[in-house]
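Single-letter residue listing:
There are 6 protein chains.
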Amino acid sequence: MENGVKIYGELALISGSGNPELAREISEALGVPLHKAKITVFANENIFIQLQESVRARDVFIIQPTCSPVNYNIMELLIMIDTVRRASAGRITAVMPFFAYARSDKKDKPRVPITARLMADMVATAGADRFMTVDLHAGQIQGFFSIPGDELSAFPLLSQYFREKQIPDLVVVAADLGFAKKARNFAAELGAPVAFVEKRRDGSCTESLSVIGEVKGKNVLIVDDEVDRGTTMAGAAHKLRQEGVKDVYACFVHATFSDNAAQRLAEAGFKEIVCTNTQPITPEKRLPNMTVIHLGPWLARIIDAVHRGLSVGKTLREYKPSF
Amino acid sequence: MENGVKIYGELALISGSGNPELAREISEALGVPLHKAKITVFANENIFIQLQESVRARDVFIIQPTCSPVNYNIMELLIMIDTVRRASAGRITAVMPFFAYARSDKKDKPRVPITARLMADMVATAGADRFMTVDLHAGQIQGFFSIPGDELSAFPLLSQYFREKQIPDLVVVAADLGFAKKARNFAAELGAPVAFVEKRRDGSCTESLSVIGEVKGKNVLIVDDEVDRGTTMAGAAHKLRQEGVKDVYACFVHATFSDNAAQRLAEAGFKEIVCTNTQPITPEKRLPNMTVIHLGPWLARIIDAVHRGLSVGKTLREYKPSF
Amino acid sequence: MENGVKIYGELALISGSGNPELAREISEALGVPLHKAKITVFANENIFIQLQESVRARDVFIIQPTCSPVNYNIMELLIMIDTVRRASAGRITAVMPFFAYARSDKKDKPRVPITARLMADMVATAGADRFMTVDLHAGQIQGFFSIPGDELSAFPLLSQYFREKQIPDLVVVAADLGFAKKARNFAAELGAPVAFVEKRRDGSCTESLSVIGEVKGKNVLIVDDEVDRGTTMAGAAHKLRQEGVKDVYACFVHATFSDNAAQRLAEAGFKEIVCTNTQPITPEKRLPNMTVIHLGPWLARIIDAVHRGLSVGKTLREYKPSF
Amino acid sequence: MENGVKIYGELALISGSGNPELAREISEALGVPLHKAKITVFANENIFIQLQESVRARDVFIIQPTCSPVNYNIMELLIMIDTVRRASAGRITAVMPFFAYARSDKKDKPRVPITARLMADMVATAGADRFMTVDLHAGQIQGFFSIPGDELSAFPLLSQYFREKQIPDLVVVAADLGFAKKARNFAAELGAPVAFVEKRRDGSCTESLSVIGEVKGKNVLIVDDEVDRGTTMAGAAHKLRQEGVKDVYACFVHATFSDNAAQRLAEAGFKEIVCTNTQPITPEKRLPNMTVIHLGPWLARIIDAVHRGLSVGKTLREYKPSF
Amino acid sequence: MENGVKIYGELALISGSGNPELAREISEALGVPLHKAKITVFANENIFIQLQESVRARDVFIIQPTCSPVNYNIMELLIMIDTVRRASAGRITAVMPFFAYARSDKKDKPRVPITARLMADMVATAGADRFMTVDLHAGQIQGFFSIPGDELSAFPLLSQYFREKQIPDLVVVAADLGFAKKARNFAAELGAPVAFVEKRRDGSCTESLSVIGEVKGKNVLIVDDEVDRGTTMAGAAHKLRQEGVKDVYACFVHATFSDNAAQRLAEAGFKEIVCTNTQPITPEKRLPNMTVIHLGPWLARIIDAVHRGLSVGKTLREYKPSF
Amino acid sequence: MENGVKIYGELALISGSGNPELAREISEALGVPLHKAKITVFANENIFIQLQESVRARDVFIIQPTCSPVNYNIMELLIMIDTVRRASAGRITAVMPFFAYARSDKKDKPRVPITARLMADMVATAGADRFMTVDLHAGQIQGFFSIPGDELSAFPLLSQYFREKQIPDLVVVAADLGFAKKARNFAAELGAPVAFVEKRRDGSCTESLSVIGEVKGKNVLIVDDEVDRGTTMAGAAHKLRQEGVKDVYACFVHATFSDNAAQRLAEAGFKEIVCTNTQPITPEKRLPNMTVIHLGPWLARIIDAVHRGLSVGKTLREYKPSF
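These protein sequence lines are chains A, B, C, D, E and F, in that order.
Read in order, the letters of the first sequence are residues 238 to 560 in this note's numbering.
Read in order, the letters of the second sequence are residues 238 to 560 in this note's numbering.
Read in order, the letters of the third sequence are residues 238 to 560 in this note's numbering.
Read in order, the letters of the fourth sequence are residues 238 to 560 in this note's numbering.
Read in order, the letters of the fifth sequence are residues 238 to 560 in this note's numbering.
Read in order, the letters of the sixth sequence are residues 238 to 560 in this note's numbering.
No lab work stands behind these hints, which were simulated from the structure alone.
Values in this document were obtained by computation on a predicted structure and should not be read as measured data.
Where hints are given, some of them may not hold.
Note that identical chains are pooled: a pair holds if it fits in a single copy or bridges any two copies.
Stated by the list, open to error - EDC-like mimics (lysine to aspartate or glutamate), calculated; alpha carbons at most 20 Å apart, straight line:
1. LYS343 / ASP462
2. LYS522 / ASP462
3. LYS402 / ASP496
4. LYS551 / GLU290
5. LYS419 / GLU265
6. LYS346 / GLU555
7. LYS343 / GLU504
8. LYS346 / GLU247
9. LYS483 / ASP462
10. LYS476 / GLU451
11. LYS551 / GLU265
12. LYS522 / ASP496
Please take these sequences and the hints and turn them into a complete structure.
As structure tokens, this is what we get:
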């Protein structure tokens, strides 16, 4: 099986509306055209899908990050899985490079949902055989799926990017204590120390930040998995500057950028912001100092490995990105 | 069991965002306050729900027609069911007076979804024990649910309304042949004959209407389950007038009214339009000649019967509406 | 994949007792012998099955319409699926050209079953991976299945047959309003107008028929999906003759013919009766003016396409029947 | 909970067509009338059921041994469960005093079904919450059910009957080695030794019997769980007489009596035949020397215990039959 | 429902072998005797359970932390659930105050299991209706369960204990960065700052510790969810002392104490060690400076609330521990 | 398909800790190396598995009899299945040559588990697609599995061994009446008569044995499926010798040998003891007069047939063992 075996019918790639550019990158890197799927939204808001070509017996990968518009894209994904399943595909992999509702992953208050588990169940109930995601907010979400799948991490790409930059006196900073362990690991990859910005609510509503660890006079790289409203990351940058750091860099995988996040980051004075395109990097999100690592070629290699029954771990280790 | 037994904990009513007015009607008719559920939509569009009171062991009815915004309301319903289930409710009934995606109920073309079945599976997977709906587009959709439930029909309320009006020389007309059988039954309730407006595509794209049955000089009542864009019903009204009918009435259960439907109906010159409030009758939907039958008191009686283990059939037969 | 790929083991065809002649037609058209399955009914009525050859890893199609004896044939089908599954088949498709209990597809009265859903669940629980049927009474029944499958329609074969006959002044008639929409579509295929025979219960028990639409002096073709007792179709023929039509033709897919249906049709004076052999056309069912369209070669082509992962839609469009 | 608690709605008893007399016995013993269920078999053999009264929230026991006509009765049971489930019963217990297909409980040849497991799955899929049976052919069949249930044994009633008769010099004989262990236990209850009649195929097809153990000059009681065709039991009786025994008695729980079994038993010269009415004891089955132990009162007591949440084991131990 | 309703049969408490002392505490606090369950381990190591009293319809709580011997206790729990389910309990709650395999909660390396999800599935498959746990290693594990349940936190009891002690100049320290966020929250409860001990692998195998945050001259309280081998906590204590702290306290919920942990802690020179008895505090685990908070009375209150359908959140808020 | 087809990826063999020697035999006979799986048991007794090579898309056979240490080996098997499933294997077969808890296969007392069904469910829930076992204590246990599988019997190997020995005047003896039918069939294979040793409890606790059938002056071969503590078999040997038999032989498939069984058998004076290595034949189990039939080559042939989609029945019939 050195060269892999074709255990299902031919590969088929279908893109939902979530991130057509990423789907195109994957399609081009694989040399496999995107399957034609006609998606209609009727006047009554009902989504309707008709595949224009047969997928019978094929090994279908549906590429659909559940990014904005979130609830629409989730419904579109589920309906597309149902369509492909009833069209008698051989195997269906739901490729969700961004997985919404990942922060709703536990009951940390009474009477709240665990929506991430619900999402995982929905994907399986609709008929997916496998899932593929990139950097889930918590790795445990893998265990929410009853179907097998692959969670990939783009952090090795980010760390390699920064290793090549060779920034002197670098300290890696986690802006959220929930990310402390991953930040430590990321720092170890860069051979850098780690520090933390701690956020704490004092009394009723005012919130104060403090820095734990040595940062003065250093270049700092704030790392996180996702930038949503950008308040945490921008607040950390401001606080770090107060503490006398030199340049401030930011890197993260998921550029959600809701609620004026772009403006907030623009005003935070980062030297460079590095992220990936698990979500579309629309013109409104683009900042002059932003570097986007396009994940298409990388995801293409992994999809190819999954399709041909090759080791994904080996494929990842051997992957050489070009920035 | 003549007076019913309490087999679950106390009744709890929770309203989603779909139709809060209908939920209030039900709550008032039952004398049971609506349960406090805090629904938040974060900047990243994620829906978050927290119940403000315990529902442990309670017999919970979640009132949420999946009307506009359709995909949002579906997701809110599913997340609410998950919330209630994980909060250890005794029994959960998803009350969906309007059930979206009901027209996607079969594969009548290759490679299309059966989204109505998908919806039914989602509701069950999220954790509902029972469902309750009003006039599904096709009765077979009941069979899409693996959980038991009650499909109620508001047509007896509509036919009683018109019986009381005693319109002379009335002919019931179905504007869609898929509704032919139900129109015939509705006509029989009114002791009236039935006729049909047939729509046929000629050659490429022009569409012509023809009337099958005797309508000339009669008062006609066009009946359907739902008005979506209103083109079918308005078109039928115009065609019938060409055929020399007297007054034209319209009645239907579900007032979806997408894409300028209100204006289309306004211009079609109906003597009276009668519908129900399974969906909110927003100011934009309201027409001067429109009569809305409020289903709240009726649904309240049925929910009470289900809660107390009483016969729903008997409850429906004994129900006396007041218009 | 232009020529299809073998994604499962070799094709295996197994016939139950339902319609061995149809199974033979399929087997001959495919050039694949019927698998030897020994079916024994013990003195205690228990059905016992032993496959005489291995089906390990094979792509098995079990051909079993659930026609008379209905309950026996259903049980035989389920037990055969269990047998094939436990014998480690690669994939199992339940081919049910006639699907019994299809009229029990909704709760239109209180406290009745939805037996068609039950049947769909039984087939899946027994272990079928896919289903194949012909012209379900309601298309929605597809959605009762949790497994994927193909519902095929023999109406294109029937309409082609009548197009070739070129009967002048033809009107298509639906004898049951529940079939109105399908009759309209069938009429459109023939470029003919459509009319209806309406049945209505007056007062207690007498039932009267009326014709809606223009039929006087025309040749009429009554179309339906199934002839069960034949009373509806024979009654329509008598009524139409009273209305002064010329020749009366009948066509339908499923020849159930229970309770003297053959005699009823014989006395109804049809010019020609056209049906298919989804159920066995036993000598008692055969009438002198009956034309049977044998579905074996057609089903064979579809089974071959499913087995080889080819588009079923394309296969159907390219199929050229010879009558 | 000394007197039990009502944890479901009121008890409801529904009888299928399998054994209406037994259902009547249970109903009378409980003082609970049989629920009115209208069972119709249409001309096309489809079974249709409509409950005439509400079962909403009730604790329903459906009494239906799957005796002759076996496949019909199984289908009727499954459809009845579906009906009761969709009618929103509180709990459903399938009471199957005789469980067909119990001998198809393992793959002892290649490519055969395990139909007993299939039956158990069907009962659960249709919607039963619990099962109740009497003396399964193999106790392991309990484990085929994914739902909980009670397997009851009528052998203590049979042994008590014979203890009261005080037959001298009694030897208990198993006519089938698969029943050896149960026969030994039955013998121990009577304080009697045990012997076996062994059946062995010699060469091609002739079958010879031999007796293992001491029987000469003794009274013998042949015991088995079921008499189907009666050949085994009649053959054993003939062989035992050849070996010089005195009187020959027979006892068994299930009187299937297929294929002239009654005549075969009549000619075998038993002094007395004792059985139960898990299946209807029709006039054709009745023999002059037959004693039938009516299980209705006994089952009534157990159903009552299950309904009230009382110990079934205690109920059985305290039960005093009157013959 | 102010005083709660009894929606299931009476409460029944059953203890496995995992922590009989804790079960006894619960039983005493509730005034409900432990149900008699006879647990036998045969010579062939097979576990066999027989309940000595009926649990029919009862609301059963099985108390079994999956502590050492871990794999034995898991199997015993699963078999006990099966026993109780087949004995027709009304509802089954698996009370697992310590949940083994919780660290195997994600695939952070290729080709490893997610055993915590497997455990959750096992518990549900065996037949539990609900679960109850205390301080899961990761809150997300709640989402591994398809059944509802309650995860309780003993940290409020620990923080209240230390609030009452009023230790001056206290800094809370997380010895593991994965616990950083929870440590911060714990610190906030005590109004204390937080610091971290970071562990990093340098090059091949040597591991170095560093302290992030201000600790010099302070009293420190190291907090964690579990002490397994004790190396992390002991190492942190040594490192902190090197950094010039005053007294070192430790607190944690789960006292696993494998592989000489007790000795390691003894040598680490803690002023006081505070933990709970989710696992048995055997004589080998007991240290002179150890304070054990007994959870029995607290769990009893929660079990009572669950049984009576009362709010668990409210019960927890109103609970007043006495140390 | 004469030579079989490769329908899954390449064959992969993985051995758990249960019986590495048997796994090695299979591996050598197939010429397929054992897959490297690193199994770690942490200090806290948690089992951790990491596969050292990819199994993506492979046809994986996990070889793990659930022999001593029983509960450990079961857990290890389940965790290994989870590991392999999440590593995206193409198909997983759980090969359990010895299946623990098989005697817990029915509720023959109130309130006991059916652990064998629980085990079957666990194996399927963990993710196995198929099972393979050797001589289950009761064939019905096959029906406990919802997944398909193969139960193989080693008795034909044992009977062939004894046929080749040509022992004169041989009588086959069942030491347990539950094994009576299988013993009869085994005797028929050898052309020998059958006899039984009956065990009966008299009064309170003393247990007496009696022989049923002719054994005096004969050579006897006691046959059983498993030797656990060895008391039954040793007791039978003593009793038979009292009855004046000549040589006493023993054969059985599963050598569990708990609680000094080896010594018990050694003292029972068998001429020869023949068994298989479904469980490891450790030095403590080995007796001088013991012949072990190694099942590796035989299982290898069957695994190969399953992998290649060939008939297992034919493979078994054509197998020629060499002793």
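Quick rundown of the hints versus the structure:
With identical chains, the CA atoms of LYS343 and ASP462 are at most 20 Å apart both within one copy (18 Å) and between copies (17 Å). Taking the shortest Cα distances, LYS522 and ASP462 sit within 20 Å of each other inside one copy (17 Å), while across copies they are farther apart (40 Å). In the homo-oligomer, the alpha carbons of LYS402 and ASP496 never lie at most 20 Å apart, since the shortest distance is 31 Å inside one protomer and 45 Å across protomers. Within a single copy, LYS551 and GLU290 get their C-alpha atoms only as close as 33 Å, which misses the 20 Å cut-off; across copies the closest is 10 Å, which meets it.
Proximity of LYS419 to GLU265 under the C-alpha cut-off of 20 Å is found in neither arrangement, the shortest distances being 32 Å within a copy and 44 Å between copies. Proximity of LYS346 to GLU555 under the C-alpha cut-off of 20 Å is restricted to the inter-copy arrangement: shortest distance 16 Å between copies versus 43 Å within a copy. For the identical chains of this complex, LYS343 and GLU504 are neighbours neither inside a copy (33 Å) nor across copies (37 Å), given an alpha-carbon limit of 20 Å. In the homo-oligomer, the alpha carbons of LYS346 and GLU247 never lie at most 20 Å apart, since the shortest distance is 47 Å inside one protomer and 23 Å across protomers.
In this assembly of identical chains, LYS483 and ASP462 lie within 20 Å of each other by CA distance neither inside one copy nor across copies; the values are 23 Å within and 37 Å between. When the C-alpha separation of LYS476 and GLU451 is checked against a cutoff of 20 Å, the pair qualifies both within a copy, at 13 Å, and between copies, at 18 Å. Proximity of LYS551 to GLU265 under the C-alpha cut-off of 20 Å is found in neither arrangement, the shortest distances being 22 Å within a copy and 28 Å between copies. In this homomeric assembly, LYS522 and ASP496 come within 20 Å of each other (Cα to Cα) only inside a single copy, at 11 Å, whereas the closest approach across copies is 32 Å.
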